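> Residue numbers (the numbering used here), protein chains in the order written: chain A, 1 to 322; chain B, 1 to 293.
Derived from the structure by calculation, the hints contain no laboratory data. Among these hints, one or two may not hold up.
Here are the simulated lysine-lysine pairs, BS3-like style, with alpha carbons at most 30 angstroms apart [said to hold, decoys possible]:
1. B:264 <-> A:80
2. A:183 <-> A:82
3. A:158 <-> A:33
4. A:82 <-> B:264
5. A:80 <-> A:183
6. A:33 <-> A:82
Source: prediction; values computed, not measured.
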Amino acid sequence: MPGAAAVARWLGRHPVGAFAVFFAVFPFLVPYKALASQVLIFGLFALGFNLLYGYTGLLSFGHAAYYGLGAYGTGIALAKLKLGSLWLGLAAGPLLAVLGGAAIGFFCLRRRGIYFAMLTLAFAQLLYFIAFHLADITGGDDGLRGIPQLPVNLFGWKISIESPLAFYYFAFALVCLSVAGLKRILDSPFGSVLRAIRENGDRAAACGYDVRRIKHLSFVFSALFAGLAGALDALRLAVVPVESLYWVTSGQVVIMTLLGGAGTFFGPFVGAGTFLLLEDRLSAFTERWPIAIGLIFMTFVLFLPKGIWGTLTGGRHGHQSA
Amino acid sequence: MEVSLAAVLPQIFTGLVLGMIFVLLAIGLSLIFGLMTVVNFAHGALYMLGAYCTVFLLGFTRNFWVALLVAPLMVGTFGLLVERFLIRRLYGRGPDDPLLLTFGLSLVLIETAKLIWGKIGLTLDPPRELGGAVNLGFMAFPAYRLFVIAVTVVVLLALWAFLTRTNVGLVIRAGSRDPLMVRALGIDLSRIWLLVFGIGCALAGLAGALAGPMRGAYAEMGVTMVIESFVVVVVGGMGSLLGAVVAGIMMGQVVGITTFFAPKLAEIMVFVVMALVLLVRPSGFFGEAGLME
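Working from the sequences, and respecting the hints, build out all of it.
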């Protein structure tokens with residue numbers, strides 16, 4: 001069938017279009033609509049993580065920090081500061097995440113390799129403890145409650161996003177923009193330098209690139225995507241649990257990205273979908289479903305380091321740390 | 001604020017005991033990293049396993065001393081199996097992969113502990129011989145906590161003697177300096193790696209067994225500890241055992257003293273100190289710049 005082959009070629013050449021087509025019908029392929037939104041949001045979170053780990057070669061074990069800052073930023077703006085505009089509230093989260101990413105990135109990038117991984121984790125735990133104790137602002141252990149479900153104001157046209165499907169397509173629009181943004185970053189000269197740093201940081205430095213500054217910029221972009229994911233999740237749940245800053249959240253995004261395929265364009269979404277569908281199925285049988293996830297993850301690290309998408313497409317395995 | 005020395009002193013001693021637990025964990029992490037450039041994320045889960053093994057053995061044998069001796073050996077044996085059958089497959093793959101693998105392992109261990117022993121923690125009593133308090137002249141202090149300090153000091157001295165006075169210790173030190181040269185001299189380093197990984201895990205198990213009667217046993221007890229122990233290793237200087245000891249005791253004091261003045265800040269201060277050290281001296285107290293990054 002020449003038609004089908006042409007479509008397949010088009011999808012290969014236009015990953016953003018392919019993404020949009022698939023996720024436009026995605027809510028009708030999963031058991032329930034809320035799961036579709038969750039896959040989209042965690043996929044975006046993993047996309048941010050993948051920019052740093054898969055493309056720049058920096059393993060962050062504390063990405064919950066930027067996801068949590070995004071969630072708290074939007075949550076506090078809407079629930080505590082009572083901002084009347086959804087757009088302003090939605091912008092506050094990623095902004096906070098970018099500021100946090102810039103500050104934490106500055107400290108963590110003073111060390112490389114394994115140190116970097118554990119330092120990012122330490123800073124995420126620091127934020128967790130701060131959110132836990134600052135109960136007046138963050139709601140502490142109970143989580144931040146009372147985030148209103150404001151309608152989207154599109155040039156004076158108000159659309160409610162209270163139904164799961166309406167929210168899905170609202171998130172879908174923003175995630176599509178993010179995926180296009182990532183494609184733009186990866187296709188730019190800056191994106192090539194990121195991959196050069198992943199392959200050999202010293203050689204990139206010898207070519208005259210300011211490696212630490214470029215890594216820092218990649219860190220901040222990564223925090224921006226993670227922060228937007230957190231902000232969307234705060235809107236989806238209408239609450240920010242303090243666990244969004246916990247190490248488990250950081251671990252989840254690592255697992256999702258590696259399951260899907262680090263350093264591949266679609267890997268983060270494949271991984272987020274696989275993880276969340278597994279969780280959905282397994283948690284019906286046992287509360288201890290993370291045992292199975294952990295074992296599957298260990299199997300992937302040992303035998304399939306390219307992940308699902310990377311193995312299917314023969315993509316590379318971005319494990320090299322700079 | 002009026003602060004009397006008599007009120008702060010117990011806090012300093014409590015901090016010292018916490019510092020000992022930090023040192024035991026950090027030494028293991030540092031020893032494994034120094035030789036194998038592997039960060040064992042499962043170190044905290046092994047600490048937890050040490051505490052639960054003590055609970056199990058205590059119920060089985062009714063003898064604390066047997067439990068304290070056997071629990072670290074059980075955890076050490078488990079560590080040997082982990083190195084032989086999991087981590088060994090990843091040599092030559094870059095340092096991120098062992099970290100990822102041991103992260104997955106710690107997730108499995110924590111959830112398995114919840115499956116076996118329940119989500120709610122268990123409490124452990126110190127042995128009757130050490131149940132009371134000792135009058136130190138200037139204050140009374142729980143005997144068990146003094147015992148923890150004594151055990152740690154003895155273990156550290158034994159480890160120091162092992163590393164500096166035996167042939168195997170010599171090979172370990174040489175192996176962390178230049179593994180290629182050691183292999184060129186005809187020494188099979190893979191057996192040394194196995195041994196060192198086992199020793200490091202046994203130390204984590206001992207830390208858990210000692211901490212059990214003070215802090216109880218619960219599935220996630222190791223998560224915060226492994227992160228804080230890693231902070232200790234960073235502050236002390238990666239791969240430096242002296243650094244781990246000095247930074248471990250210092251961090252214990254930081255937590256102990258902050259707990260007295262502002263309890264809510266205690267967990268945060270550890271990270272503040274780390275950030276300051278990173279700003280002033282990125283390689284830590286005793287670390288060499290750029291060592292094994």
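> Work down the list of hints and note, for each, if the structure agrees.
We went through each hint and held it up to the structure:
1. At roughly 23 angstroms between alpha-carbon atoms, residue 264 of chain B and residue 80 of chain A fall within 30 angstroms of each other, so this suggested pair holds.
2. Between residue 183 of chain A and residue 82 of chain A the CA atoms are separated by roughly 35 angstroms; this puts the pair beyond 30 angstroms, and the hint is violated.
3. Between residue 158 of chain A and residue 33 of chain A, the direct Cα distance comes to roughly 22 angstroms. Compliance with the 30 angstroms bound is thereby established for this hinted pair.
4. Annotation: proposed proximity of residue 82 of chain A to residue 264 of chain B holds, straight-line Cα distance about 28 angstroms (limit 30 angstroms).
5. For the proposed pair residue 80 of chain A and residue 183 of chain A, the alpha carbon gap of about 35 angstroms is over 30 angstroms, so the pair is violated.
6. A C-alpha spacing of about 28 angstroms is found between residue 33 of chain A and residue 82 of chain A, which places the hinted pair at or below 30 angstroms, so the restraint holds.
Of the numbered hints listed earlier, those contradicted by the structure are 2 and 5.
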